[in-house]
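A.B. asks: Heads up: the sequence lines are chains A and B, in that order. Read in the numbering used here, the first sequence has 79 at position 79, and its numbers run on one by one without any break. Read in the numbering used here, the second sequence has 131 at position 131, and its numbers run on one by one without any break.
Some clues are possibly wrong.
What the hints assert, rightly or not - With a straight-line cut-off of 20 Å between C-alpha atoms, the simulated PhoX-like cross-links for lysine-lysine are:
| # | chain 1 | residue 1 | chain 2 | residue 2 |
| --- | --- | --- | --- | --- |
| 1 | A | Lys63 | B | Lys175 |
| 2 | B | Lys50 | A | Lys21 |
| 3 | A | Lys275 | A | Lys245 |
| 4 | A | Lys415 | A | Lys453 |
| 5 | B | Lys131 | B | Lys76 |
| 6 | B | Lys131 | A | Lys226 |
| 7 | A | Lys226 | B | Lys167 |
| 8 | A | Lys293 | B | Lys96 |
| 9 | B | Lys175 | A | Lys65 |
| 10 | B | Lys48 | B | Lys135 |
| 11 | A | Lys293 | B | Lys94 |
| 12 | B | Lys138 | A | Lys226 |
Claimed, not checked - Far from chain B, some chain A residues (derived; all Cβ distances over 10 Å):
| # | residue |
| --- | --- |
| 13 | Asn150 |
| 14 | Glu486 |
| 15 | Glu532 |
| 16 | Leu586 |
Calculated directly from the structure, the hints in this document are not laboratory data. Here a beta-carbon is modelled for each residue, glycine too, at the ideal position from N, C-alpha and C.
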Amino acid sequence: MKGFTIFDGAMGTMLQARGLKAGAFPETYNLTHPDVVRDIHRAYVEAGAEVVTANTFGANPFKMKNTDVESVIKAGVRLAKESGAKKVALDVSAHGALLEPNGTLSFDEAYENYKKIVTWGAEAGADIILIETMSDLLEAKCALLAAKENTSLPVYVTMTYMEDGRTFLGTDPVTATITLSSLGADAVGVNCSLGAADMLPLVEKICAYAPCPVIVQPNAGLPKVKDGKTYYEDTPEIFSAAMEKIAEAGVTILGGCCGTTPEHITALKKMLEKKEPVLRETPSYTAATSATKTVFLGEGVKVIGERLNPTGKKKLKAALLEGDIDYILKEAIDQERAGADILDVNVGLPELDEAKTLVRVTKELQGTVSLPLQLDSSSKEALERACRIYAGKPIINSVNLKKESLDAIVPIAKKYGATLVGLCLGDTMPKTHEERYAFAEKLVAELTARGIKKSDIIIDCLVLTIATDETQAEETALAVEKVTKELDVRTVLGVSNVSFGMPDRLKINAAFLGQCIRAGLSAPILNPLVTEYAEVLQGKLISLDTSAYFTFDKEGAEGIRGMIFCGVVGGIEDAVREALKTREPLDIINEDFIPALDEIGVKFEKGEVFLPRLIAAAEVVKRGMDVLRTGEETTGEPDVILATVKGDIHDIGKNIVKMLLQSYGYKVLDLGKDVDENDVVDAWLRTKAPMIGLSALMTTTVPSMKRTIDALRAAGSTAQIAVGGAVLTPEYAKEVGADFYGKDARETVKIAEKVIRKP
Amino acid sequence: MDETRLLKDALRLLGAKKEDEEALSLLERVYRTYASVFRPRAVYSLLKIKEHSPEVRLEGYAFPLVGESIRRHLEKAEYALLSAFTLGIAVDQKIKELSLSRPSDAVALNAIASVYAERIADEMLAEERGKLEEKGYKTTFRFCPGYGDLPLGTNGEIALALGAQKKIGLTVTEKGLLLPGKSMIGICGAEPKDNEVKD
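Please model the entire structure based on the sequences and the hints provided.
C.D. replies: Written out as structure tokens, the structure is:
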């Protein structure tokens, strides 16, 4: 019988046989009838049970209002120990009330009750905490956390399922097994509700996904009622025959629930004496769960809905600020209906308490939609608090290779058993697929070294816009392929970033989506309501030659102005040199460079041309400028200081601004990205530049922008400060104390014209 | 279950007129689309009445049944049939979801579920009544906590005695309200028909 653990059978059934009244708390017998309780335990020990379960099932301050629950629990454990059993399990179960938002019981109140129960049980000398007959996965998680956080005892958790294979609240055994084992349960399984024979299909599913031992305690068959009395139909022989199949499925901890008696346990022991435990393969899967659903990544393409993110969404932003939860829930429902498999949830707005908001939104979402959530934040506090009350195994989006990020996020993912998105980003940004792969490799090494299972890692290969670098789509897709094949981890991508600053965004995104799916992408993050994406997901092939966006109409590309306007790079140097024979450099700038840039700038503003063309024009000017500057002193105090603020390493936007400013002849001091506020202050004190431009692309770094501006003002800076970046709005610009809001690079040039009145 | 009658009753509950074709077709569509979320479950216990006054006391049952109304209801009864019934939590969740996305569907489903719950509870209870009939008892109507002066708190006591949370997923809030929403708890009396009681 080596390798098996035998638990005892029913307590309630035995107590009823000895006079316990319906509706009375069986646990009060620990104080009023200790001999009866001890005798029942002894009978189970004599029958062969190694672990007896203390008579504490319903002993909960929530239920037993006018009772000294501490005494009931401590007496219960003591009586179990006095039975001579090898080990005693503290029995813990449900409150008998539904948790929010289905019911009125709060997670925190439930936690406090469980904390008391497990602490008293541990103090009384229990060896195991058995959380059993659970219907609500969140309540089971709450009890499990209380046990793990307040005792050092092993914790076993079993749920109870109906004939349809789900708990009353809709949880299926695969979802419960994955969620509870990820949270660190030492054994998971099923008890009560069904007889052993009917339980087998559920047990097989549990065994297929449990990385830990499996515990099964069935009823003695289904309850039958005769003359108003409940009885159970499985004899000890029928019970042990069915339990044999359960042991063969790979279960190693076995016992009984309602209707089982010491005779059932004797029969169970006799059967197990002849058996060897079946070794199960350790399962490996990448999954996210809600309370009622598991989504496996790597099995086909799973869509992560992106619409619950206020960046660039005015209505959602307003809803978050006003606390209009219904609007948010409706967005979620719409995405679920449109076929999303998982929902990304980001509530980062500088004016909101992110932790509080994420907790509220998570609670409400899990009461309304059945999809697993991807909690999207870089706030340690927000992630910790949302993971805690989340009824399942969430995905955390995301961690990157920076030490601060790893230190903050990894412990949360580990503690709450989350699946973790590793973003290919560190102190630098990868450009090629090889660089992305190297980042991914480092992430997997770093995260596994910190205790995250490899199968719980998803890699975000980082999508950058093709507007500034046409190769980025191809490089990202190649990275997805390499990471999938060579690193054997699942991948995720924020698809629509690829077309930032481009025309035909949906078309480009759809084509890129198809390209990445063919490369093996597991989960695109996108708007599931967009038909173009749905078609690609259904297998429609879209081929798009994006080179067309980067080949400009050459008509009119004559002369310096024409070459700039049309973005024709080749030949500009010769044209400028030729012009210098007859004209002054400043005339060339004022008469050709600036008007051409203005002209293309106006078209860009009107949406007639897109970012690639603007960049190409700036590139032509830059080359032209180099010819003009040859031999000329290019040093001198800068007109503009530029920086991406601390915590943010996105610098593409800032670099475009720099290029355009330079094209217009401004001297720019570029401090780079992730720049400390003190460095910006030092640079200004040194140069006294009349204008400073600050960039931030993430909502989370907007506060960093404010700190930089405050520091500049405190240092007595008189520079006019312009801010820009994807998440910035005129309101934010005002809030952080900036003088100007630069919607885009073109706008920033106009600001420079105002501030510096040059050239 | 007779779908036509069910929908007609739901229509009445909505306050719509019998000839309101539009409302009826909404109910029909909603019923066909969402009836699969109904998961009716019931649990019963038949207990002998030990004392009829001053309070009703049942054998093997921990609590007295308090008040004049239940005393009168069980006056001639020898047994009390305790029952708890629920349609399950999924219907509550579906109604909530629909109230955000398709409000008229939510209203319709709420009405249908209310009528359906009453009906199916009666149907399930009919089987238990039948068994008592065979033994020579006639049964009284399903008396619920909150009727007359029987306190709402009795819901919690009966739920506990029946193991309703564990067996059918029915919970009672501190104020005595039932969750899931489409649930009921009741007490029927089993009165002997004249000289017909068989052992």
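A.B. asks: Determine for every hint whether it applies to the structure shown.
C.D. replies: A quick look at each hint next to the structure:
1. A:Lys63 - B:Lys175: 13 Å, holds
2. B:Lys50 - A:Lys21: Distance of about 13 Å is within 20 Å: holds.
3. A:Lys275 - A:Lys245: Holds, at about 11 Å.
4. A:Lys415 - A:Lys453: 12 Å, holds
5. B:Lys131 - B:Lys76: Satisfied, since the Cα-Cα distance of roughly 19 Å is no more than 20 Å.
6. B:Lys131 - A:Lys226: 10 Å, holds
7. A:Lys226 - B:Lys167: Holds: Lys226 of chain A and Lys167 of chain B sit about 17 Å apart, inside 20 Å.
8. A:Lys293 - B:Lys96: 19 Å, holds
9. B:Lys175 - A:Lys65: 14 Å, holds
10. B:Lys48 - B:Lys135: Holds, because 14 Å separates the two Cα atoms, which is no more than 20 Å.
11. A:Lys293 - B:Lys94: OK: Lys293 of chain A and Lys94 of chain B at ~16 Å, within 20 Å.
12. B:Lys138 - A:Lys226: 18 Å, holds
13. Asn150: 25 Å, holds
14. Glu486: For Glu486 of chain A, whose nearest Cβ neighbour in chain B is about 42 Å away, the distance exceeds 10 Å, so it holds.
15. Glu532: 23 Å, holds
16. Leu586: 64 Å, holds
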